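Undergrad: The primary structure of each chain is shown beneath.
Protein chains: 2
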Amino acid sequence: MMEKFFYPKSVAVIGASHEEKKIGHVIFKNLLEKFKGRVYPVNPKTEPILGQRVYPSVLDIEDEVDLAIIAVNALIVPKVLEDCGKKGIKNVVIISSGFSETGSLEGKKAEEKVKEIAKMYGIRIIGPNTIGIFNSENGLDATFFLEKDVKKPSKGNVSFLTQSGTIGILSLDMLAKEGIGIAKLVSYGNAIDVNESDLIEYFSKDEKTKVIAGFIESVRDGKKFLEVLKNTKKPIVLLKGGKTSFGARAASSHTSSLAGDHRVYSNIFKQFNVIEAETWDDLIDYLKILSFGRKAQGKRLAIVTNAGGFGVLASDFAFKIGLELPEPSEKLKEELKKHLPFYASVKNPIDITADADVERYKSVLKVLDNSKEYDLFLIVILIQTPMLNEDVLKILNDIKKPFAVCMSGTKVDDIKKKIESSLPVYDSPERAVRALKILTELKS
Amino acid sequence: MMEKFFYPKSVAVIGASHEEKKIGHVIFKNLLEKFKGRVYPVNPKTEPILGQRVYPSVLDIEDEVDLAIIAVNALIVPKVLEDCGKKGIKNVVIISSGFSETGSLEGKKAEEKVKEIAKMYGIRIIGPNTIGIFNSENGLDATFFLEKDVKKPSKGNVSFLTQSGTIGILSLDMLAKEGIGIAKLVSYGNAIDVNESDLIEYFSKDEKTKVIAGFIESVRDGKKFLEVLKNTKKPIVLLKGGKTSFGARAASSHTSSLAGDHRVYSNIFKQFNVIEAETWDDLIDYLKILSFGRKAQGKRLAIVTNAGGFGVLASDFAFKIGLELPEPSEKLKEELKKHLPFYASVKNPIDITADADVERYKSVLKVLDNSKEYDLFLIVILIQTPMLNEDVLKILNDIKKPFAVCMSGTKVDDIKKKIESSLPVYDSPERAVRALKILTELKS
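Chains as they are written, first to last, in the working numbering: chain B, 956 to 1399; chain D, 956 to 1399.
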């Protein structure tokens, strides 16, 4: 049943609009341009949209329809949903807002009506009050933002579920910006049917998904949630909104969810090896390193740096969060010294000094990668020195152990744009170290 | 005596090189192009550099010389410094590395020799082992990085001292990137003479400096340091490197400094109202809001947002770090409602919903700014909605109370480039909230 949300052969966009700025227009345009399947616009006004024949109702489409995307006024949703039922459509995404989240009686009534109809016809529903769904594999971009406003990520292994639409949009954009590839994304809004547990369960079985990420405000079915967390073997990163009394109040006027006590959630997350992101930045940072797909065998970190100051900051932070930073053995030190000038430091951080070139990074990292003394690397690259350019990133392909890179500054943005692969590159030493720590906390 | 480091009438670059990639060449080029004063290249090879007459020694310059920048091999430094003494130059920046920081006997000896000569001639020295100094006011860019590699910030009110050269370079670049203006920057390296206390003292009296920022690894003269912190009325933000045993080890092989116990520093910082940045990101984030120059009268935060999810995250974080998030009074709620659709929330966060346009932001913020119920604002702007564009930033000029803006995503980078003024704009809700908190902790 869930499969057709992501792999429909044909999609109807109910409320496909003739006006360029309207949600129903943008969704139809995105699908028409990208989706590898058939797309049918539905609107009582049947003048063509973007050159395509428009159907007054889904009932007028001769073809079978696997998925309907509804983007009409909340009060009309029950009517068009009933048409979907009659047409035999079993998967519906309701984009429209104006339901229980408004706090109005009208909205609540409309939502109840939608639930009834869905039950009657056996329709599975995502939403209402969502920004849509996204599948990078088949171009199913049923979101109401155009590429010019929101960048969409390339294909990848992260699947994302979010109650909040904003977080959905910003996740797509930030993942694209940071070069993190995505498999699927679902904004599930008021979650009158499909909820966080259904989605985690689906992603845990989905072949394309290697990392599950989510922003959740509340959990509908506690028992199922625990079961799903327990059974998922893939890494899960969750950002919990509404952790505090302030946040809970905000969440309740946002998606009318009961946020619950944060300590309860934190304990559950720990128990089931769920990685908890404390902040928005953490979430993106963790996905970057997790999507790179490596696991650490232990906590022994080696820092290699051409920038002393960042080496110091990284060391302080590694200590603070409980990573180990052992000095190399005498034997390893001797090996390292062969590739370094006399004034370099072979303690840890291995300070290869500001005049380091690509070759020096390469040979030092090779020695460390082949030794059994370290489990993971932080590679600090002050790329602004005259000795370096973006070629230094090529040597990273040879490293077998997990690593993160810290590069900072204006120049880095341009370099990032040139790199196609999603390397775990961070702006700040502390964020890189924190991301590395996550690799030591994965389920085995 | 310190004044001439920043406001010389004439500068000699000793070791100005004919080779484009050499430090001495880059410093000379930067000064020649930007410095509003006279610049003299010094090199035993007297072929012209960049079309300028080259002097074999400072003693051959007929003009008076206020400041010498030395960028020659460490072993030659004593000799050229002696020439400076004979020439009557009282201010010298020694860029060269290869002194005590190498741990070598040779280096230590050379450093001792330099100290002796400086004492004999009464020369004040910044360095050695630095990336130079920078004064935005008169174009004194005596750093060895070109604009193509490292962006230099525009004129502003932040002055920066750093022991680490890397941090110096990255500070310039990051401040430029984030639109934070700078007054002066000094990388003071091994600090054989001018140290952190001298610089904080100088900046505290410098008219152009409104905010003092620093990265310090160790403190040379504890008594003076305390005195200086006590007497400074301007906001000071310090990032302390070598807080932990790991970090201290890193610092000691980096600038041969004794880092000391972090708790001692933290207590001192608290006692003297110094703002301690915990991470590199914090440092930049704090400078951004401090350079904007507002102070909060209390801790009552209002969050205005068109993005529910970010409102929730900001609320959670505000609670966590001890800001207050009171609901508006009934009277204020009524006033706010006049400018909002029925489904908007007037609790706090004030969720003006995803269809908010510029006018809605403007009127809601005006009501809040005029009320006496809040001390500071977080303004979350999901700028990716079709209702908004960068014009929304113009309304910020009318706000009288302190505020921070949270805008996230790819589009924001382009918008930031278009804005000339240094608005306190942050990528993530938590970082914006943390920066706001700083405004409540300033010396009165």
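Since the hints were made in silico from the structure, they are not lab data. All of these numbers come straight from a predicted model, not from anything done at the bench. Possibly wrong hints are sitting among the right ones.
With a Cα cut of at most 30 Å, we get these calculated BS3-like pairs of lysine-lysine [stated by the list, open to error]:
1) B/K977 to D/K1356
2) D/K1356 to D/K1163
3) D/K1366 to B/K1366
4) B/K1107 to D/K1372
5) D/K1189 to D/K1110
Undergrad: Give a verdict on every hint.
TA: For each hint, the structure was consulted:
1. B/K977 to D/K1356: Since the Cα atoms of B/K977 and D/K1356 sit roughly 36 Å apart, the hinted pair is violated (cutoff 30 Å).
2. D/K1356 to D/K1163: holds (23 Å)
3. D/K1366 to B/K1366: Holds: D/K1366 and B/K1366 sit about 18 Å apart, inside 30 Å.
4. B/K1107 to D/K1372: Holds, because 22 Å separates the two Cα atoms, which is no more than 30 Å.
5. D/K1189 to D/K1110: Holds, at roughly 18 Å.
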